[in-house]
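Okay, here's what each chain looks like letter by letter:
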Amino acid sequence: MIQFDDVTIGYGTEPVLDRVSFTIDDGDLCLLVGATGSGKSTLLGAINGLVPHFTGASMAGDVRVDGRSTRQHPPREFADLVGFVGQNPLAGFVTDTVEDEIAYGMEQLGVEATAMRKRVEETLDLMNIADLRRRALVTLSGGQQQRVAIAAVLAAQPRVLVLDEPTSALDPTAAQDVLAAITSLVHDLGLTVVLAEHRLERVMQAADQVLWLPGDGSAVLGAASEVLGRASVVPPLAELAATLGWDEVPLSVRQARRKVAAERIVLRPAAEAVPTTPAGPTPLLRATGLTVRHGDLTAVDGINLDLHAGSVTTLMGRNGAGKSSLFWALQGAQPSTGSLQVDGHDPRRLSPARARELVGLVPQTAADLLHLHTVALECQQSDRESGEPVGTTEGLLRRLGADLVPDRHPRDLSEGQRLALVLAIQLAASPRIVLLDEPTRGLDYPMKQQLADILADLASRGHGVVVSTHDVEFAAHASQRTVILAEGDVIADGPTREVCTASPAFAPQVAKVFHPEQVLTTAEVASRRG
Amino acid sequence: MADNPALPRSGVRQDAVRLSPRSRVLLAVAALLGALAFTWPLLLDPGATLAGDDLAPLLFALVLPVVLAVVVAQLTGDDLDVKALAMLGVMSAVVAAVRPLGAGTAGIETVFFPIIISARVFGPGFGFVLGNTGLLASALITAGVGPWLPHQMLAAGFVGLLTGLLPRLRGRAEIALLAAWAILASVVYGWLMDLSFWPFMVGGESTISFDPADGTLANLHRFVVFNLATSMGWNVGRALTTAALVILLGPALLRILRRAARRASFG
Amino acid sequence: MAAVTAPTHPWAWWGWALVAAATVSLTRNPLLVVLVMAAVAFVVLARRSDAPWARSVGAYFVLALVIVAIRVTMQVFFGGLREGPVLFTLPEVRLPDWAAGIRLGGPVTLSGVLFALYDGLRLAAIIICVGAANALANPRRALKNVPAALHELSVAVVIALSVAPQLVESLHRVRRARRLRGGAAKGWRAVTAVLVPVMEDAVERSMQLAASMESRGFGRTRDLGRVGPGLSLLLVGSVLLVTFGSYLLLGVPDSRLAGLACLALGVAAAVLGLRRSGRRLSTTRYRPDRWTWRETAVVAAATAALIVVLVLQGWNPAVLQPTTTPPVWPSLHPLFLPAAALVAAPVLVTERGR
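In order, the protein sequences belong to chains E, G and S. Here the first sequence is numbered in my numbering, starting from 1429 and rising by one per residue. Here the second sequence is numbered in my numbering, starting from 759 and rising by one per residue. Here the third sequence is numbered in my numbering, starting from 292 and rising by one per residue.
For reference, chain E alone in the conformation it holds in the complex (with noise of 0.2 Å):
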């Protein structure tokens, strides 16, 4: 169906794909993996002819998609063939309510009016969102969203289907009503699917192929349970298999519980439990009743909570569920009621200056504090902002392992580097508390094990660190302490390793598969093993 030949695409001199050949065939649900810049979102928009013709890069070979070549065509002509979607479906709408906008395509493709009508109500039913049907696209939650740009493009009925990391920014159960939703695509409509997605664990028991981008310019296509063996991004199932040293990777929790029955693998009882909260009489902040109200919604309801130095905590919870509202108020930035001390003050009553020495706070959209156009620029004006001595933010910068060109523009930055920049111009005021909302977004896996890293060092170092996150395998693996929100509330918080492996929702793979056993990590499999 998909057709690579020889394909070479490069943006100046250094080629992101190298002389690449493979077929995906018809009705296959191929998953693409690869570290961040290997080249995946090239591939995908190759497919349909907008990488090179929409954004300039120089291509030599030919992709092929049912027969139609994507020298001879412009990515237009793909419309009825390939239906694309990307990361922010937002971005993406060009109409204003869900109808129109499953229209809309159509509208271009010039078909019918009669069977216009026919193909919205079959799609509607297709992706199960009939009652969202006269809404405003930008009401939508960013699930029900990621489900309309996929009808949007299913309705002129293509036969391939390519999705660039569509889950991205939904939690965890959007998520995999978004990925149920593609799956059944697959198998009812046997539309041909190239889906790349950072967080493998939830699609790859339906893949029946995974091409691997090594980010070496090749490709590596192959039978999932055998290319993510070699493959360096790693699930967690993966990284189990290679610890407990199975051939193939198991591709579902079931599959992997079946084996571990059939190998007798049985864990030792844990050593002790290691303490969640260092040991301090005062935390460092104390919230009590906080509450805090956006126009008629009450967005976080009388939270109590402390924090201490030297930890990471986790604060899980559905979008919308208060996190990002309780992290601006801590930081003293959102009109709160309630009592807040952090070290003695409350930041809401201190100025901005002074503020952000007690409380740092990263915010989802980072780029929002970057306002200069290069990484040099952005630096000196944080050291200033801070009266830190001329090169403390670089040097942090550098401390948390990103090695930035200084000319760099911000927004031309990876997310894990614009994360890295935002983070060190926060590090710069030294805040006693750093809270980091939803910092990965976006970061593979080995991008989550560094974030990991830093935020063990910010916590060594005496901070109090809080990460809110919707990826389970990052908590498990990154806190000591785990707070959920569900509607403005704490409904549980406790060592991560009890909060995550009571609750399925919350639970890793690693804990799915040897539970009833508390157990979060395959390292811990490892040091645990008989």
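Please note: incorrect hints may appear among the correct ones.
Said to hold, decoys possible - Quick list of in silico lysine to any residue cross-link-like pairs, SDA-like style, CA-CA up to 25 Å:
#1 477(S) with 1839(E)
#2 477(S) with 1822(E)
#3 1687(E) with 1650(E)
#4 1546(E) with 1629(E)
#5 477(S) with 1793(E)
#6 435(S) with 906(G)
#7 1940(E) with 1662(E)
#8 1687(E) with 1609(E)
#9 1546(E) with 1611(E)
#10 1940(E) with 1725(E)
#11 1546(E) with 583(S)
#12 1687(E) with 1858(E)
#13 477(S) with 1676(E)
#14 435(S) with 1568(E)
#15 477(S) with 929(G)
#16 1940(E) with 1676(E)
#17 435(S) with 316(S)
#18 1546(E) with 436(S)
#19 477(S) with 1813(E)
#20 477(S) with 1002(G)
#21 477(S) with 1809(E)
#22 477(S) with 1777(E)
#23 435(S) with 1563(E)
#24 1687(E) with 1671(E)
#25 477(S) with 999(G)
Claimed, not checked - To give a feel for the contact side, a few chain E residues facing chain S, derived at Cβ under 7 Å:
#26 1478
#27 1519
#28 1537
#29 1799
#30 1836
#31 1839
#32 1841
Because the hints were derived from the structure by calculation, they are not lab data. Values in this document were obtained by computation on a predicted structure and should not be read as measured data. Cβ coordinates follow ideal geometry from the N, Cα and C atoms, glycine included.
Place chains G and S on chain E using the hints.
Just chains G and S now, kept in the frame of chain E:
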């Protein structure tokens, strides 16, 4: 990526909307009609059909949309790049979003700023279309559709078009040029708007209104006096705010749009 | 009557409102003007939805009042009509010669004030008609139903309408985020610090939007063949005719017929030209607004009112232009009522907008 978009600030302007010979002819005729629509109180003949009435602006309110439709359809017609169109939509949104930030009900001063900067980066054709789409979108959002809207669209369109035709300078000289142009454009825009709606606003039967029987010069004289007395301060204030915006925020916005233009490489 | 389900075509409301505006523009009789205004207001109140653009109608009423007030004030201070009974006298300031005949102060007469009031009321009514169209016609649907030649224009404006509120939102978000950096930037630097991230986002968004439109087939059905010289000639000719026609009506005495003919021809040529260039694009429309007999009836009702007033003008022009020197009570002609009733008639065939 080998080329680093942050570094070079090359001065090449990208024409996002091309001006074909046919577009040029249409724009020239539209300019003629525009001149008529804005200065009609000076040209009105006492014996002409519309002389007895002060409804001439309403005639133009009906006629200008037809002409604007033809011109804009021509400009955005056959070879408009989809990237240019998306940019047009987003910049129109910027125009519409900054409009309420302008002071008071006549708060048009802020809209010239994004129009001038975008036209500088994306060229005269883009400037003309943005002037039209931007003011139309802002009128639809703020419910400002009225007989004055076609005049505003046309005027803003020409501000954009002429911005795109300014000589190529760089650095401080460019900002100075744009600021001077912003002052000129705002003052002239204010005058023309006042002139064309002068009889409409004050009525035909007062001594500060125009009288077709008096001839062009006498009417112009009276208009100048009237305008100095009533809305000169307003016009000058508007001109100075626009220029201040260009000087203070212009460099940053120019840099952002030039970067976008380089990345988009309109085809 | 059968249940009306489909919303009224937005351009039908515009047609109705513009014809109603033309009707009031023919008269200065305040009784007829107020009757038509009331009819228009009645239709708006009965048929508008609760969308934001529909709620804006109040602003037009305020504007209408302001226009009347300005007219009357100008007449009081700079009045040119000094005949008839004097109401009161303002101290007169003698202006030097360069003031070009402008008179400030002096006697204020009932005739002058009444004339200004009548004239202002007529303009106010026109403004209210436009406001009514604004309130009744959904702007998005109106944009969806433009001729195909203006497809790109309508796409750009539709994008602008959905992006603008999001821009305002991101403005608030970035402003709040400034505090996280200590808010050290002051004055215009602080403005730049907010402006830059918002604009970078907006520009990035336009790229993503363009990619999405392209891969969903935007512009695919456009015929890229050469445009024939006939079409070019037609378009240029239409614009020239319209310009010339306007000039005739304004600057040349006794050219009413020639001017109107030029205008009509020019507009017809423009419509034809737009239609022909629109045929180069063959996109279709999802659930288009249909122009049914109801839409025709809406516009026809207003047109009938216009005809009634035109007939009256031929018959008895004085009743449409009541004299204010000397001030007399304007007469109420029996045909005023049917004219106003016809303007209000669309409520019978339409239903409240959603």
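Checked hints:
1. 477(S) with 1839(E): holds, 23 Å
2. 477(S) with 1822(E): Roughly 24 Å between the alpha carbons, so the hint for residue 477(S) and residue 1822(E) holds.
3. 1687(E) with 1650(E): holds, 22 Å
4. 1546(E) with 1629(E): violated, 37 Å
5. 477(S) with 1793(E): Holds: residue 477(S) and residue 1793(E) sit about 22 Å apart, inside 25 Å.
6. 435(S) with 906(G): Distance ~23 Å between residue 435(S) and residue 906(G) Cα, so the pair holds.
7. 1940(E) with 1662(E): Status holds; Cα separation ~18 Å.
8. 1687(E) with 1609(E): Violated - the C-alpha atoms of residue 1609(E) and residue 1687(E) are around 28 Å apart, more than 25 Å.
9. 1546(E) with 1611(E): Within the cut-off at roughly 24 Å; holds.
10. 1940(E) with 1725(E): Distance ~36 Å between residue 1940(E) and residue 1725(E) Cα, so the pair is violated.
11. 1546(E) with 583(S): Between residue 1546(E) and residue 583(S) the Cα gap is close to 23 Å, so the pair holds against 25 Å.
12. 1687(E) with 1858(E): Violated: residue 1687(E) and residue 1858(E) sit about 48 Å apart, past 25 Å.
13. 477(S) with 1676(E): violated, 60 Å
14. 435(S) with 1568(E): holds, 23 Å
15. 477(S) with 929(G): holds, 24 Å
16. 1940(E) with 1676(E): Roughly 19 Å separates the two Cα atoms, so the pair holds.
17. 435(S) with 316(S): Answer violated: residue 435(S) to residue 316(S) is near 30 Å, above 25 Å.
18. 1546(E) with 436(S): Within the cut-off at roughly 21 Å; holds.
19. 477(S) with 1813(E): Holds, at roughly 12 Å.
20. 477(S) with 1002(G): holds, 16 Å
21. 477(S) with 1809(E): Distance of about 13 Å is within 25 Å: holds.
22. 477(S) with 1777(E): Given pair residue 477(S), residue 1777(E) holds - Cα atoms ~20 Å apart, limit 25 Å.
23. 435(S) with 1563(E): It holds: about 18 Å lies between the C-alpha atoms, which stays within 25 Å.
24. 1687(E) with 1671(E): holds, 14 Å
25. 477(S) with 999(G): holds, 19 Å
26. 1478: Hint on residue 1478(E): holds, closest Cβ of chain S at ~6 Å, below 7 Å.
27. 1519: Since the shortest Cβ distance to chain S is 4 Å, the answer is holds.
28. 1537: holds, 5 Å
29. 1799: holds, 4 Å
30. 1836: The hint is violated - residue 1836(E) has no Cβ within 7 Å of chain S, the shortest such distance being about 14 Å.
31. 1839: Result: holds, 6 Å to nearest chain S Cβ.
32. 1841: violated, 12 Å
The structure fails to meet hints 4, 8, 10, 12, 13, 17, 30, 32 from the earlier list, while all remaining hints are met.
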